[in-house]
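This is what each chain is made of:
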Amino acid sequence: MWPARSADQPASGPSSVASSVPLLERAADVLAPAPGEADPFVSPAIHTIDLRKEYRRTVALDALSMTVRRGEIFGFLGPNGAGKTTAVKLLLGLVHPTAGEAMVLGAPAGDVETRRRIGYLPELFRFQGWLTAREVLLLHCRLVKLPSGRWPVLVSEALSTVGLSDRGDDKVGGFSKGMQQRLGLGVALLGDPELVVLDEPTSALDPVGRHHVREIIGALRSRGTTVFLNTHLLEEVEHICDRAAVIDKGQTIATGTLAELVGKQSVVRLQVSGLEGRWWEGLRGFGTWTAEGGWFVVTGIEATDVPDLVQAVVTLGGRIGAVVPEHKSLEDRFLELLGES
Amino acid sequence: MSPTLVIMRLTVREAVRRKLVLVLLLLSLAMVGLSGWGFDRLAHTRSVTSGEVQIALPQALILFMFMFSFVVALSASAIASPAVSAEIESGVLQTVATRPIRRSEILIGKWLGLALLVAAYAVVVSVLEMLVVDAVSGFLPPDPAAVAGYLFAEGAVLLTLVLAISTRLSTLATGVLGVALFGSAWLGGVVGALGTAFKISALRTVGEVVRYLLPTDGLWHGAIYYLEPSGFISQRLAAEVGAGGNPFFATAPPSWLYLLYAAIWWLAVLGVGIVSFARREL
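Sequence lines, in order, name chains A and B.
Going by this note's numbering, the first sequence opens with residue 1, and the numbers climb by one from there.
Going by this note's numbering, the second sequence opens with residue 1001, and the numbers climb by one from there.
Accuracy of the hints is not assured; some may be wrong.
[Claimed, not checked] Below, computed lysine-lysine pairings styled on DSS-like, alpha-carbon distance capped at 30 Å: (1) A:Lys171 to B:Lys1019; (2) A:Lys145 to A:Lys177; (3) A:Lys177 to B:Lys1019.
[Stated by the list, open to error] Covered stretches of chain B (chain A as the covering partner; in silico rule of three or more C-beta atoms under 8 Å from a C-beta of chain A): (4) 1014-1022; (5) 1084-1098; (6) 1166-1172.
[Stated by the list, open to error] Taking CB as the label site, the calculated pair distances span: (7) A:Leu233 to B:Phe1070: 52 to 58 Å; (8) A:Pro207 to B:Arg1018: 35 to 41 Å; (9) A:Glu260 to B:Gly1271: 47 to 53 Å; (10) A:Leu233 to B:Val1272: 49 to 55 Å; (11) A:Gly174 to B:Gly1138: 49 to 55 Å; (12) A:Arg57 to B:Met1067: 46 to 52 Å; (13) B:Asp1143 to A:Gly174: 56 to 62 Å; (14) B:Pro1142 to A:Ala107: 25 to 31 Å; (15) A:Asn80 to B:Arg1018: 33 to 39 Å; (16) A:Ala107 to B:Phe1070: 26 to 32 Å; (17) B:Ala1145 to A:Ser176: 47 to 53 Å; (18) B:Ser1170 to A:Gly129: 15 to 21 Å; (19) A:Glu54 to B:Asp1143: 37 to 43 Å.
No lab work stands behind these hints, which were simulated from the structure alone.
Each residue gets a CB set at the ideal place from its N, CA and C atoms; glycine is no exception.
Using the sequences and the hints, build the whole thing.
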């Protein structure tokens, strides 16, 4: 369906959690060669430094700092009103920042020529209702200045990708919201952009449509396209994103891979018999032990340490009936983060 | 094709697709037909002398052309008021403005498309009207091209102002403001003409100021002047006290200086519109 991008796009490298490390160091970390990266000098797909946007007395975005690497699927998570769409609009030059900086594909956000390499599906997807779907796509082929000889193929390809092949000659004004959103996705994907910014791309879609969009994003990943996915749907992020940032009240409250966001530490429940004396003293290093019914609960243990824990219990003479690791879900962590922020 | 031309094409296409062009043309053809019948009756009525007909024909044509100028101006205002604001309100502009196109190219493209529509309408309707009147009554204004040109200029001036306002206000507010400003400018012209005819300097000053604030009425007077046959002006001035105060009468064409001013006004307002749109957050 999608041709693989040529070798100028690096694969996504290992991620790092945003912390209090100074921004420039963080940027340098991103620019540094990582295993699997073809070109160490390529700029991040998106890099923002203390990006701020005020609307009169309201602060919509407050000091947003984040980095999106080339070729990764980056989830931008946050509750309604957190400032997600404002951030997207800033990245695309639709609104102007009050303070801070944003670089997109190595150029200042909003740079006219760079927009040729960006596809965007707005949260408010509306098209000229008096045009047909095919005409909308042709209009965007013209605006992006794609080679005119390829327009018919590109338009047919886009319609087929988003499942609108049989509605290409119908007026967009008669489309349902879901169909308009599909068309918007087709428009965003025209011309094989390097960066695709999707603002709530499945808000009007049914479960089948959502699944389809996930498949499309998966295909984008395989050809090395960077996807910036703005969403409040945690399952979308869990299913398709390599890394994510969580924002609330206009600020980034966490960034990292999903494992990093959810936290390495988890909970293990054990059913053990045969232990005597002050056996737990030798096992304190694995985490905090509590007793719940017939179970021992170890919290704060790292997932990689579970085999060692089992070994240690057996060494102390324990007989293990059951070991049940419990991982925190993204939703748990998301709610926890929002509570902390 | 440059992005500006892409937007121009889109703008014209929208007017055609939405049947705006068809409706305007059909209505105007009906009005031209009706006026042709009226002029035929006027020119061939036995109870009116040929001298009276010679005075009445230009006056009647000026009134008809005023109606067309009114339609040109209001149509210009009606098509320009939603051009930017409605697309901002609906969100359609978000998908266009994030393409490799400058805001200035979007606005100029829209202006070109709308101006092309106004020009086509002004030229087709005024030329058709003058030809029909000539065919049925034998009266042809001295300079039909100038009449069409001034009619277009009047529409283009209002179009530019409304388009600039459309970058900031809602469609409804822009449309109402456009019509109100056009009406005020016409009224200002009437007040100024009365001031000139009856030598009341305060009224004349008001008329002059309005003429410069919005040059629609000043340009409309250019169209009136070129609808008047030679000798018509002196006949009217001699026959009627205060004829100069008649809003459907012009004793002189707009000066070159005034035309230059109107061109600068147009450029300045278009420039303000471009800057305003570039700064507008979508």
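Hint check:
Using a Cα cut-off of 30 Å, the hinted pair Lys171 of chain A and Lys1019 of chain B holds, with the two alpha carbons roughly 15 Å apart. The suggested pairing of Lys145 of chain A with Lys177 of chain A holds, with an alpha-carbon distance near 28 Å, which does not exceed 30 Å. The suggested pairing of Lys177 of chain A with Lys1019 of chain B holds, with an alpha-carbon distance near 25 Å, which does not exceed 30 Å. For the stretch 1014-1022 of chain B, the stated coverage by chain A is satisfied: 3 residues place a CB nearer than 8 Å to a CB of that chain, which reaches the threshold of 3.
Only residues whose C-beta sits within less than 8 Å of a C-beta in chain A count toward coverage, and the stretch 1084-1098 of chain B has 8 of them, enough to reach three; the restraint holds. Check result for the stretch 1166-1172 of chain B against chain A: violated, 0 residues qualifying (beta carbon to beta carbon below 8 Å, three or more required). Look at Leu233 of chain A against Phe1070 of chain B: about 54 Å separates their beta carbons, and that is inside 52 to 58 Å. Checking the proposed 35 to 41 Å range against Pro207 of chain A and Arg1018 of chain B shows it holds: the Cβ atoms sit about 37 Å from each other.
Checking the proposed 47 to 53 Å range against Glu260 of chain A and Gly1271 of chain B shows it holds: the Cβ atoms sit about 51 Å from each other. Between Leu233 of chain A and Val1272 of chain B the beta carbon distance is about 43 Å. The supplied range of 49 to 55 Å is therefore violated. The hint said 49 to 55 Å for the Cβ distance between Gly174 of chain A and Gly1138 of chain B, and at roughly 53 Å that hint holds. Range check, Arg57 of chain A to Met1067 of chain B: Cβ separation about 50 Å, and the 46 to 52 Å hint holds.
The beta-carbon spacing between Asp1143 of chain B and Gly174 of chain A, approximately 49 Å, falls outside the hinted interval of 56 to 62 Å. For Pro1142 of chain B and Ala107 of chain A, the Cβ-Cβ distance of about 58 Å falls outside the hinted range of 25 to 31 Å, so the restraint is violated. Hint check: Asn80 of chain A to Arg1018 of chain B, Cβ distance near 36 Å, so the stated range 33 to 39 Å holds. Checked against the hint of 26 to 32 Å, the pair Ala107 of chain A and Phe1070 of chain B fails, with Cβ atoms roughly 49 Å apart.
Ala1145 of chain B and Ser176 of chain A have their C-beta atoms about 51 Å apart, which keeps the hinted 47 to 53 Å range intact. Separated by about 19 Å at the C-beta atoms, Ser1170 of chain B and Gly129 of chain A satisfy the suggested range of 15 to 21 Å. For Glu54 of chain A and Asp1143 of chain B, the hinted distance range of 37 to 43 Å is not satisfied, since their beta carbons lie about 57 Å from each other.
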